[in-house]
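Undergrad: These are the residues of each chain, in order.
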Amino acid sequence: MSEMFRDKVEIDLTVNGEAVQARVPAGQHAVDFLRQELGLTGAHASCEHGVCGACTIRVDGETVRGCLTLAAQLDGADIWTVEGLSDTDAIRDLQDAFVARNALQCGFCTPGMLVAVEELLAKGGVPDRAVIREHLSGNYCRCTGYEAIVDAVESVAQKRTGKVTS
Amino acid sequence: MSVQFGNPDRPNSYIGKTVPRPNAARLVEGRGKYVDDIVLPRMVHVAFVRSPFAHAKIQGIETVDAASVKGVLRVFTGADLAEVCTPWVAVLAHLKGLKSPPEHPMAVDRACWVGEPVVAVVATSRAAAEDAAELVDVDYEQLPVVTDMMTALDKDTPVLHPEMGDNLAFQRVNEEGDLDAAFAGAHKIVSAQFSTARHTGVTLEPRSILVDWNPAETQMTAYHATQAPHMMQTVLAKHLDLPESRVRVICGDVGGSYGIKVHVYPDEVATAAIAKIMGRPVKFIADRLESFTTDIHARDHKIDAKIAVDKDGKILGFDVDDWTAIGAYSVYPRTSAIEGNQVINLCGGPYDFADYRAKTTVVFQNKTPTCQYRAVGHPIAVAITEGLVDMAAAELGMDPIEIRRRNMYADDAYPVTSPAKMRFEGLSHHQSMDKLVGLMDYDALRADQAAAREKGIHRGIGIATFIELTNPSPFMYGIGGARISAQDGCTVRMDPDGSIVALSGVTEQGQGTEAMLSQIVAESVGVLPSKVRVITGDTQVTPYGGGTWASRGAGIGGEAALRAGRALRDSILEVAAAMLQADQSNLDIRDGEVVDSESGTARMPLEELGRIVYFRGDTLPEDLPRELVQTRHYITSEYPFAFTNGVQASYVEVDTDTGEVKLLKHWCVEDCGRIINPQLVDEQIRGGIVQGLGGALFEEVHYDEDGQLLNGSMADYLVPMAAEMPDMIIGHVETPTKESALGAKGAGEAGTAGAPAAVMNAINDALRPMGAQVSAMPFTPERILRALGTIEE
Amino acid sequence: MKASVGGYARATDLQHAIKLLDSADGMARVLAGGQSLVAAMNMRLTAGDLLVDISRLSELRGVTDEGDTIRIGALTRHVEVGDNALIKEHAPLLADAVKFIAHATIRNRGTIGGALAHADPAAEFPACVLALGATLQIMGPDGGRTIAVEDFFLGLFETDLEPEEVLMAITIPKAEAGERQVLQEVTRRSGDYALAGLCLVKRQAGHRLTMLSVGEQPELATGAMAMLDAGNIDGAVAALRAEIDPSSDTNASASYRRHIAGVLLRRAVDQMTGDVR
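Protein chains in written order, with this note's numbering: chain W, 379 to 544; chain D, 3 to 795; chain X, 3 to 279.
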């Protein structure tokens with residue numbers, strides 16, 4: 379019966395603009411695949427039950443929890459991680475704002491946080507602080523207390539829309 | 003020559019400026035290198051089988067099925083590891099009477115808490131090791147459990163460690179004056195019961211260690227997410243029977259610590275023992291679920307406390323009876339008695355009064371061990387003190403700011419020794435309070451509160467003053483016999499290109515150690531901060547030091563860096579003077595150039611000096627000292643600790659129908675002495691406040707009466723998230739310590755120390771018209787409604 | 003922890019999915035958005051499952067207008083439910099519920115069909131579709147069937163779905179003119195499971211009231227509904243508190259949840275009558 383089910387799955391996908399072919403264990407989640415097979419250690423595994431957001435990556439244009447997505451499901455997908463977004467300067471202004479505002483301390487949440495933030499900023503406009511906080515309510519940061527992150531996001535939104543207030 | 007801190011236009015004025023952290027740009031690109039990012043040849047993974055029972059005798063262990071899983075290489079029992087690793091006993095001589103039994107890296111005969119490691123499975127992948135761990139069959143015989151703190155010492159409660167005689171780990175009374183007389187003569191006595199919940203740190207990066215044993219070199223290398231690399235070097239060497247010189251601990255990027263990663267964990271030592279047996283690299287990355295049962299817990303206290311005041315609101319005395327339960331073992335090597343000890347040292351801290359009695363009782367139980375966690379004891383002591391002061395003010399009909407102003411030590415009272423026998427060199431309670439009242443516009447906020455009340459909206463303002471213990475001397479651990487360094491060192495050298503390398507014994511976990519050190523070294527040598535590379539976290543490379551804990555990095559490590567930098571500057575100028583035929587005292591180094599100190603005229607770039615020293619040393623006088631490297635170590639000696647102070651305020655809105663508490667805004671004014679990098683200090687305060695807010699509203703590890711942990715996942719143990727947290731206004735007063743040239747004290751724990759008390763007082767301020775009061779943290783919606791008496795059973 | 007999976011198969015169409023499920027002797031699990039299932043696998047609450055990945059079945063996607071009803075494909079993701087114009091107009095309760103469900107990143111992936119099949123009593127969608135009186139379309143080896151939502155939820159994480167069946171779509175009656183739909187809940191933090199939550203629908207035929215996080219499965223609070231129909235709010239609160247059976251956990255006791263149920267009902271009624279808070 380189970381010959382139709384595989385414990386290793388062939389996948390063919392694009393990661394940070396590069397073609398990748400792999401054979402992955404059926405139960406391996408996307409973040410372990412990226413970290414262990416591709417050496418993309420930017421996204422982190424922390425809770426592995428979908429709560430902390432450290433594993434947030436972009437799949438087919440939308441953010442997903444890397445730990446709640448199986449690598450086997452990524453056949454044909456277009457994946458972006460913080461490494462690719464850095465190499466292409468896609469979020470340079472956001473990264474610069476995080477550094478300038480010290481919106482990171484230990485940095486472990488930051489790659490996931492940046493991917494999550496960019497999804498909000500890509501909608502355009504200047505979200506108010508409550509909206510920023512709500513959007514990031516699934517990304518845990520134990521270090522900063524969040525305010526510096528909210529400040530950095532707000533400042534980038536203002537700059538991108540030309541509505542710099544300060 | 004000392005730094006002219008008062009002159010912002012002085013040359014090389016980097017101390018006191020916001021300078022970006024050199025490591026931040028790397029981390030935002032995902033280029034951090036945390037332990038789990040490191041892959042070594044022949045590396046294997048370990049997963050642990052952990053006790054499912056709070057107390058059980060291990061009758062037998064069957065590992066055949068586990069060993070047969072594809073990818074599994076070895077399976078170890080506690081007895082296997084006991085052959086290569088000696089047990090430890092976590093006591094300190096100065097904590098008189100503290101006792102704890104020997105603890106092994108894995109349970110040998112008996113498991114004493116849910117989560118204690120029992121069997122280790124080593125495999126080529128973590129997934130395979132976990133698959134196999136599920137197949138290990140341990141035959142347990144359950145034993146009676148001790149779970150309730152308050153009955154742990156009762157006669158009919160079983161004794162957890164029979165060889166210890168009873169369940170008492172430690173007890174101490176800190177007493178001054180005649181408390182009974184003070185209370186007898188009091189105008190009002192207010193008493194309350196407080197409790198703070200069992201917390202855990204939930205570092206986003208789980209505990210992580212990768213240990214490589216190379217028998218050919220007799221060399222152990224541990225890549226470890228730790229706050230104290232040199233301490234771990236000593237521990238691994240001692241218990242694995244290796245020369246200390248043959249253990250190297252490397253601490254790269256660390257994904258959050260907060261005290262969680264400064265302790266010795268059985269599973270981490272087990273990982274090192276397994277590496278030594280197997281002769282190849284072994285990686286252990288704690289899973290989040292096992293983190294909840296194995297990372298240290300903290301703050302599980304119940305307190306009965308009383309305050310006595312006279313009719314003018316003058317505090318006459320505090321009487322505090324603190325109980326805490328620390329789990330099954332005192333944690334090595336810092337011990338689990340420190341938190342209770344801090345509570346009885348810190349109560350009443352900001353106030354000038356005479357009579358004091360505080361007792362802590364520390365008991366064993368069958369739960370995860372507790373130990374030092376950010377702001378050790380402070381949030382508890384501040385909640386007791388500030389809760390009682392507010393309750394007394396309410397009894398007297400006095401404004402909470404006013405009662406504090408009447409009792410805080412005057413800003414010119416120092417030095418002073420408190421009734422708890424804490425010595426304060428210089429604090430600024432009144433200046434800080436004045437600044438806070440201005441920042442929050444206290445009167446306007448009171449008006450807003452009154453206007454909201456008219457509309458049936460219940461808002462409250464809470465104030466909490468506090469002191470914070472920083473810059474510890476050997477009085478904290480060293481005098482008790484622990485090899486935990488209170489001193490710290492820094493080596494500063496100039497390379498041929500004129501750039502500076504600074505090696506420090508303090509470590510970086512994201513708080514900005516490297517930025518802080520680069521600023522100090524840049525200023526003290528006379529170069530741009532970007533010309534300074536800072537290296538931390540490698541016992542084979544950096545000077546010996548204590549690492550990062552108890553808010554010591556800036557005050558201790560920073561002073562060592564300042565002194566080393568000044569010494570290097572002198573060395574450079576001595577060479578420059580010889581080369582330029584100038585008087586050394588007329589030369590200075592500014593922005594990487596030797597200049598005439600009077601005119602500022604450039605005389606020689608440092609890279610030219612470097613070229614001559616390193617490649618044409620033949621042109622210099624033969625007897626000229628030319629070591630462009632200096633090391634200095636620093637230790638505090640006049641005071642056991644450098645106390646800081648501050649005050650926080652919280653503004654909350656309580657939904658009296660649902661019990662929900664909304665944090666509207668938060669303020670903190672604190673005095674950490676010399677501020678080296680204002681932004682880094684502000685963000686330490688903010689992050690610390692939110693960690694305190696978590697304890698006030700959300701965080702609580704729940705156990706049932708059998709010692710089963712009930713909420714061990716991130717879905718169930720609630721940490722503070724962005725949506726519920728307020729914006730925070732931070733202000734500063736600077737009272738530098740005179741003990742060091744730098745004048746810096748610590749800032750890492752002030753936020754956490756004061757925030758829970760501020761929120762408690764704010765909630766009670768909101769509830770007071772309804773006659774309700776809360777004092778058991780966290781202040782859940784249910785606890786609020788129960789205080790209001792609206793829930794029917 | 004790392005998931006332990008028996009095997010994985012990617013269904014190419016609905017019939018393939020059912021064939022895969024049928025072949026697995028009850029060991030199969032349908033993998034849709036995976037936001038609950040993969041978490042459970044990673045926590046090893048379930049192990050050895052044969053996963054049937056239906057996430058690419060286009061026939062299970064999309065929202066369509068079917069006259070008096072709208073049909074929501076089971077693979078419609080939470081984010082799409084929240085943004086869909088048909089749902090916003092004809093079943094605003096569902097659209098409103100989305101913002102209460104977890105966090106943006108979870109909502110990008112989680113599906114309404116997955117949420118209903120998972121039947122978590124603390125989840126929003128099961129309580130919503132029950133309050134709305136939906137019917138569910140199910141496909142199995144012997145063909146399709148339709149079931150009223152009242153008969154679908156059978157217990158804690160338990161539904162009428164057979165192991166070899168797939169939930170295809172949810173059909174919801176369009177809101178009448180003047181119909182009101184309200185969701186109220188109390189959570190510890192944004193996106194957490196509610197301590198208690200309440201869905202109230204007011205139609206010409208009467209009120210429909212369901213709750214989340216107060217029992218083993220979403221149920222209609224018929225006693226309270228009758229009181230509401232009679233215009234007796236106090237009676238409805240008392241009836242609601244009497245007919246629910248919440249349990250205690252580390253976040254709140256049963257007593258708190260029972261109390262809050264009444265508070266939420268008053269708030270929902272206030273919201274409907276325009277006295278919004």
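Note that these hints are calculated values from the structure, not bench results. Any given hint could be a false lead.
Stated by the list, open to error - Below, computed lysine to aspartate or glutamate pairings styled on EDC-like, alpha-carbon distance capped at 20 Å:
#: 1; chain 1: D; residue 1: Lys19; chain 2: W; residue 2: Asp474
#: 2; chain 1: D; residue 1: Lys59; chain 2: D; residue 2: Asp39
#: 3; chain 1: W; residue 1: Lys501; chain 2: X; residue 2: Glu82
#: 4; chain 1: X; residue 1: Lys101; chain 2: W; residue 2: Glu497
Note that this is a predicted model, so its numbers are computed, not measured.
Undergrad: Take the C-alpha atoms of lysine 101(X) and glutamate 497(W), compute the straight-line distance between them, and say whether it is at most 20 Å.
TA: holds (16 Å)
Undergrad: Take a quick look at whether lysine 19(D) and aspartate 474(W) sit within 20 Å of each other, Cα to Cα.
TA: holds (19 Å)
Undergrad: Run the distance test for lysine 59(D) versus aspartate 39(D): straight-line Cα separation, threshold 20 Å.
TA: violated (38 Å)
Undergrad: Could you grab the alpha-carbon distance between lysine 501(W) and glutamate 82(X) and see if it respects the 20 Å cut-off?
TA: Holds: lysine 501(W) and glutamate 82(X) sit about 15 Å apart, inside 20 Å.
The earlier numbered hint that this structure contradicts is number 2, and it is the only one.
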